[in-house]
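Following the hints, put chains B and C in place on chain A, whose structure we already have.
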Amino acid sequence: MAHWRGYELLQAVDVVAGYPGRPSVLHGVSIEVPTGGFVGILGPNGSGKTTLLRALAGVIRPARGHIRLDGHDLTPLSRQALARRMAVVAQETHLAFDYSVLEVVMMGRYPHLATFEIEGPEDFSIAREAMRATGTLQLQERQFDTLSGGEKQRVIVAAALAQISGAADDGILLLDEPTVALDLAYQLELGELLRERQRRVPLTIAVSTHDLNFAANLCRTLVLLKDGHVLAAGSTDDVLTSEHIRELYDVEADVTRHSPTGRVIVIPVRRSPARSQS
Amino acid sequence: MTVALARRLTLTVSGFGLLAVAAILTSPLVGSTHISLRRAFDRAIPFADNVDAQIFFIARLPRTLAGALVGSLLASAGVVFQGLLRNPLATPFTLGVSAGAALGAMLAITFSWSFAWAGVSAAVAASFLGSLAAVGIVYALAQARHRGLSTNVLLLAGVTMNAFFSALILFVQYFADFAQTYRILRWLMGDLDISSYQPLVSALPLLIVSFVSFAWLARPLNLLSLGDESAETRGLNVVRAQRTAFVSASLATGAAVSVGGPVGFIGIVVPHLVRLIVGPDHRLVLPASALFGAAFLVGCDVLARTVMSPIELPVGVITALIGGPFFLWLLVRKR
Amino acid sequence: MRALVACLVLLALGGHGADRASGVPHQRGSRENLLFSVSSVSSVMRRSPLPQSAPVPGTAPKRIVSLIPAVTEMLFAIGAGPQVVAVSSFDRYPPEVTKLRRVGALLDPDVERILSLRPDLVAVYASQSDLRTQLERAKIPVYVYSHAGLADVFVTLKQIGERVGHARAAADLARSIQSRLDAIRRRVASRARPRTLVVFDREALTLRGIYASGGVGFIHDMVGAAGGDNVFADVKQQSVQATTELILARRPDAILELRGDPITAEMKSKEIDVWRALASLPAVRNSRVFFLDDQKTVVPGPRVAEGVDLIAHTLHPDAFK
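Chains as they are written, first to last, in the numbering used here: chain A, 1 to 278; chain B, 1001 to 1335; chain C, 2001 to 2321.
Next comes chain A alone, as it looks inside the complex (with noise of 0.2 Å):
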């Protein structure tokens, strides 16, 4: 871990948050992504996990509580200035226009350019970078549309990340359940492009997923929210148990590890009988 500065990257602090008519979807929820860090947020639907992404995002302002990035109220900061150090990776992405692959990745520098400015060759070279590190390159000229789901999520990752290239500070990326409409063979490529990247380049990542075994697999640090609550946090290993599992998914489970790859695995097995509400 990089020097400490008393305070994580990126930060929840007893965020309440939600929407008109559901105000309080996340009760006094507190995370922390650490800088170079790989944070899953887990949960059953309903429990927050967008909720709260859309918080670490800015999108949605807290009702209470705050979100903090280097240590500063996020409130303050332009859009601008927030999309230049952070990107998110929506589930779906539908396009109005028949852009072209490479039109889409060159609106991630959209953040880095001055009012009339436009697009210049270091805007080019780091998109091109890009879409390299995620195996785009090849289809470029092609109309974003016509690409099957897995080759449109590798390119919106390549728009995310030229959109935080080039920041002095630390890039962060979060990405809405983005295994959902990936095949098996995408799924593993995205988690094998993103653990490449973090190697590459200084780079903080959060994943809200109810894929267990993605997450397990990523992740370092996890967030286990259930009904805007958290609860459980912290590596991977101590988080990710049966124990939780049952309380958060209803479900018993089995956590082995699978013995050729070393990997965290999770075997759900059956239901559980229903419980009181803690």
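Treat the hints as calculated values from the structure; they're not laboratory data.
Quick caveat: nothing in here was measured; it's all calculated off a predicted structure.
It is possible that some hints are incorrect.
To give an idea of the chain A side of the interface with chain B (calculated C-beta under 7 Å), a few residues [stated by the list, open to error]:
| no. | residue |
| --- | --- |
| 1 | Q80 |
| 2 | A83 |
| 3 | V88 |
| 4 | A96 |
| 5 | F97 |
| 6 | Y99 |
| 7 | I118 |
Which residues of chain B face chain C? A few of them, derived with a C-beta cut under 10 Å, are [as the list claims (entries may be wrong)]:
| no. | residue |
| --- | --- |
| 8 | G1031 |
| 9 | I1035 |
| 10 | R1039 |
| 11 | I1058 |
| 12 | R1060 |
| 13 | R1063 |
| 14 | S1112 |
| 15 | W1113 |
| 16 | S1195 |
| 17 | Q1198 |
The beta carbon of each residue, even a glycine, is placed where N, CA and C say it ideally should be.
Frame of chain A, contents of chains B and C only:
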């Protein structure tokens, strides 16, 4: 390819610009009456006796400029509405602007409001106010339901307004006699015969404000096509961009309609043709559409004036005759 | 909505060239203008009267309904006024009609009301085919009105006179109108005929949407009789949508704006001022723009001679000193 964006922009603007200039220069030369250009520009002949000059400078030139103004405003407003509503089939009239304008004009014509005001006739003023009213209602409705401007609510509100105003129009039409009804129908089909430069001068400030806003909106519109949240996480103040787009495009449409009536199909044919040629990047599509829109409407007006000479067809009939089949072809092609 | 609009416009445009029969002035509370109805294609060509339902021999009609203001005027002028029980919504002359019931007009005839009045003669427009069918089914005699030029006023007058049993009065009236017209023609015969633009409708206070008289129709005939040369005499239509270019090309020496509804003197001068935008026209330069707001000039009825007289006085004031 992106390094070449600057070059593409230059190429696009010069190419379409040339087209627009060519259209504007040739249109005044053509008409139902034969005139001699040499005589028209002969300073020796006093203007009062120089019919060729009168026809050129009083009848044809303002008309050409009106066509260019209305065409460029409607085409670029179409692009902005399509970007805002994330729907390539949106037009400047989708959100009720033309229905409001039509109702205003209709009230003025049916009840014979006769006042003129800053050189602008009652029908024109009423149509502009009507379009603002319609747009205002749609905006208020869309705002009420959502923190920002929900595009779905916008669309629904717009379609509802169109239907409601159309019903009102039919109702008011009941009080109109046949000639008034005919006159309203002609107005609805567009009329560029302004015979003076005053309406152009009045519309100029609105044109400038709209175009400046559109220039600013080019990149935001690219981002908006990714979706509201995706645009937001890429650094766009989505609410501000949507508001700017909505207001500026509505003003542009209202100004165009008050000069030439609600000429249809420009706001959809031109953006589509332009996108086929230059691609979807709004930084190219917006200036190209403004220029091509000018050229297109001026061209349509030339046809309207000459095809059944000496009878003049309303320009909207020509744009419809071109636009209708084109639109059908688009729909068939997309499926 | 746009589809409806488009259909109506195409219909109107399609009918534009072909149908010029019923140029009936249509009064409306605040304005009066020429009406061009989409009537049967052949009627502009036809000079012989349309088939009328046979008049019942011996009995003159006692309960007449007239949907046509010109016909109403004729009925009263030949002494059949007391037999009129209802008129159109737009009738205003003679003053007696204000007390009569209204039964709609060209576009909205109130069939029920007409039937409830138990008429024995109804004067209808040629294009009101639905109404005609319904009246024929109810065995109510119908007079079908069609009209093109000044000459048809006399034809109509004669026919009406015969139908309502006042043939003599009608013939006398026709003669006096004719001689009056001839007198006017003689007066202005030696005068130079100004090229005249005759406008019967446009948008208030602007020069947009100008509708002028073409070379066909009673307004054209009236202006001709009054000593003016219609600038659009060569256009074989009752109305011409006059664009700026057309007006400039025709260079009218005089502009005559005809309206049926009275307007204030202030509005009149404002409306005349609007023509300053085309200051290069001879008519504007020589201050020969006139605004006549008298019904007589737009109703092809018994007062046509007075209408022509008014126009002649306007175009040739010194011929009447």
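Against the structure, the hints come out as follows:
1. Q80: holds, 4 Å
2. A83: holds, 3 Å
3. V88: Since the shortest Cβ distance to chain B is 4 Å, the answer is holds.
4. A96: Constraint on A96/A satisfied, holds at 4 Å.
5. F97: This interface hint holds because 4 Å falls under the 7 Å limit.
6. Y99: With a minimum Cβ separation of about 5 Å from chain B (threshold 7 Å), the hint on Y99/A holds.
7. I118: Since the shortest Cβ distance to chain B is 5 Å, the answer is holds.
8. G1031: holds, 6 Å
9. I1035: Because about 8 Å separates I1035/B from the closest Cβ in chain C, which is inside the 10 Å limit, the hint holds.
10. R1039: violated, 13 Å
11. I1058: Check passed: Cβ of I1058/B comes within 6 Å of chain C, closer than 10 Å.
12. R1060: holds, 7 Å
13. R1063: Check passed: Cβ of R1063/B comes within 8 Å of chain C, closer than 10 Å.
14. S1112: Holds - the Cβ of S1112/B comes within 10 Å of chain C, reaching about 5 Å at its closest.
15. W1113: holds, 7 Å
16. S1195: holds, 4 Å
17. Q1198: With Cβ-Cβ at 9 Å, under 10 Å, it holds.
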